[in-house]
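Please build the complex by placing chain G on the supplied structure of chain R, with the hints as guidance.
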Amino acid sequence: MKWLAVIGVAVLALALLAMGWGGGQGAALNVVGSTSIQPFAEILAQEFNRTSDFAVDVQGGGSTAGLQAAANGIADIGMCSRGLKEDESGLFQVVTIARDGLAVVIHLDNPVADLTREQIGRLFAGEYTSWTQVGGPDRPVRLITREEGSGTREAFQKLVMHKRRIARRALTQESNGSVKELVRHDACAIGYMSLGLVGPDLKVIRVDGAPPTAEEVLAGRYPLVRPFLFVTKGPPGPRARQFIDFVLSPPGQQMLKREGLVGSQ
Amino acid sequence: MKREKIIAAVLMVLALSALSSLAIITAFIFKEGLPIVAKVGIGRFIFSSDWYPLEGEFGIFPMIVGSLAVTAGAMVIGVTLGLGCAVLLTQFCPPRMVAVIKPSIELLAGIPSVVYGFIGVVILVPLIRDTLGGPGLSVLAASIVLGVMILPTVTSISIDALRAVPRAYREGSIALGATEWQTTHMVVLKAARSGIVAAVILGMGRAIGETMAVIMVAGNTLELPHSILDPVRTLTSNIALEMGYAAGDHRQALFATGVVLFVVIMALNMLALTVSRRRTRRGRA
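These protein sequences, in sequence, are chains R and G.
All residue numbers for the first sequence refer to the numbering used here, where the first residue is 1 and numbers rise by one.
All residue numbers for the second sequence refer to the numbering used here, where the first residue is 1 and numbers rise by one.
So here's chain R without its partners, still in its complex pose (with noise of 0.2 Å):
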């Protein structure tokens, strides 16, 4: 009988513990999705959560994921780093929080500087092999793209691919960093990358003529540019809607700018 009452106990306290568990989970907002937004949600949340009574949770697993996150109810806020396809626009209530230059980068030995929208669209479908052809140095062109689903490589075949597809002798990386790993250290490579996360190793080429700056972003004439979105399934709730306001509101966005993006704006 001893034995009985203590097991009883033990079992009626695990699923006290495990209550109170699922509680405080249900407490935090998710936002889910894209990792090219997810570090600057990260800042954002952190920043939110010091004065808010609930907490913001960040979690990546790319844009198509976060997508499929808030259309299921399993997170309140998606995070997606490219326009939203037909199929996909009627499911959603969107917001804008930034957008982002897309820049295409060469190493600092490559003397190419100015490249047109067809010109990359050429180089990136392997109809161009050699940098003669685009009037650089005698090297051949090493491609380096981003693997199939992810946000920028989204961005970038619908802004300069088109209809055309990427060559299939392009490495693939996986992540903004490894893709800048290879460029940094290849003289023939040319890749394409967040404009937030370049950094000064690489050379950033001026495309149709206008340079990859916040200032050209804003004024419209860097023609690389796609938006960061927030998602919600249907009008969000009062908490995910406090937390938008929030990324909405200028602190905001001076976050958002002060790490190399462009407002919403």
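Simulated from the structure, these hints should not be mistaken for lab results.
This list has only true hints and no planted wrong ones.
Computed cross-link-like contacts, SDA-like style, restricted to lysine to any residue with a CA-CA straight-line distance of at most 20 Å:
hint: 1; chain 1: R; residue 1: 85; chain 2: G; residue 2: 247
hint: 2; chain 1: R; residue 1: 233; chain 2: G; residue 2: 247
hint: 3; chain 1: R; residue 1: 158; chain 2: G; residue 2: 57
hint: 4; chain 1: R; residue 1: 158; chain 2: G; residue 2: 55
hint: 5; chain 1: R; residue 1: 85; chain 2: G; residue 2: 52
hint: 6; chain 1: R; residue 1: 158; chain 2: R; residue 2: 208
hint: 7; chain 1: R; residue 1: 85; chain 2: G; residue 2: 244
hint: 8; chain 1: R; residue 1: 158; chain 2: G; residue 2: 52
hint: 9; chain 1: G; residue 1: 39; chain 2: G; residue 2: 260
hint: 10; chain 1: R; residue 1: 85; chain 2: G; residue 2: 54
hint: 11; chain 1: R; residue 1: 85; chain 2: G; residue 2: 250
hint: 12; chain 1: R; residue 1: 203; chain 2: R; residue 2: 260
hint: 13; chain 1: R; residue 1: 158; chain 2: G; residue 2: 56
hint: 14; chain 1: R; residue 1: 163; chain 2: G; residue 2: 57
hint: 15; chain 1: R; residue 1: 203; chain 2: R; residue 2: 134
hint: 16; chain 1: R; residue 1: 203; chain 2: R; residue 2: 178
hint: 17; chain 1: R; residue 1: 163; chain 2: G; residue 2: 55
hint: 18; chain 1: G; residue 1: 31; chain 2: G; residue 2: 248
hint: 19; chain 1: R; residue 1: 85; chain 2: G; residue 2: 248
hint: 20; chain 1: R; residue 1: 158; chain 2: G; residue 2: 54
hint: 21; chain 1: G; residue 1: 2; chain 2: G; residue 2: 14
hint: 22; chain 1: R; residue 1: 233; chain 2: R; residue 2: 248
hint: 23; chain 1: R; residue 1: 163; chain 2: G; residue 2: 54
hint: 24; chain 1: R; residue 1: 85; chain 2: G; residue 2: 56
hint: 25; chain 1: G; residue 1: 190; chain 2: G; residue 2: 176
hint: 26; chain 1: R; residue 1: 85; chain 2: G; residue 2: 251
hint: 27; chain 1: R; residue 1: 85; chain 2: G; residue 2: 57
hint: 28; chain 1: R; residue 1: 163; chain 2: R; residue 2: 118
hint: 29; chain 1: R; residue 1: 163; chain 2: G; residue 2: 50
Using the frame of chain R, we list chain G on its own:
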């Protein structure tokens, strides 16, 4: 008596739960992967070189070739070095040296694969790019990294196999006038063959299944490689690269990639086993 039975039953349940996890995994990847193979057609899925998952084209031929090429390269490096090492340590080496070398090789097994990949990217890839040409990320780089990774598996199992050969075989051969090297390659290696084949199979399994290090050094292109300096994408890298984003048919196609990997590994294992059995039989006749 009753107690014995209970213990036996408990152990049986434990053993079956290990087996059942294998069964569940197999059933799950086949259930997730087969519908898309049926939809695309098995011939097109395996022999087409067009992998554009977002446009509904699923052909994994270059990745099958990539996995096989990288594994073959790793076997050349890993088995040559590993078997050489095992022969040295069991036949020609003073025990004191064995006590140092064997644990050091086994230590290699404890290094996480991401560390191998990182060293590959930072040291090996630039070296290949600067001395041999090409992008550096290549079949060769992946083979070398994997070859070193499977070294501890191949070496330690081969050592066990060679040590299991009865001393009498060796002594008898030497007594007949054979030199040490003749004894080693004509008697000891033959007698240890099945154990060495097991070592090779386990090494191969590790090489073909490795993902992280390969993603970092193989380049992951979708084109068929023409030389060992060309980059490739393996079956495992394909799954790991795209799983985070995939939905619908794309996701199923990645599971189907897993099915193909599963079948390839099974086929290689069976091939290796039958080859070893046939040779042993002929050896006895």
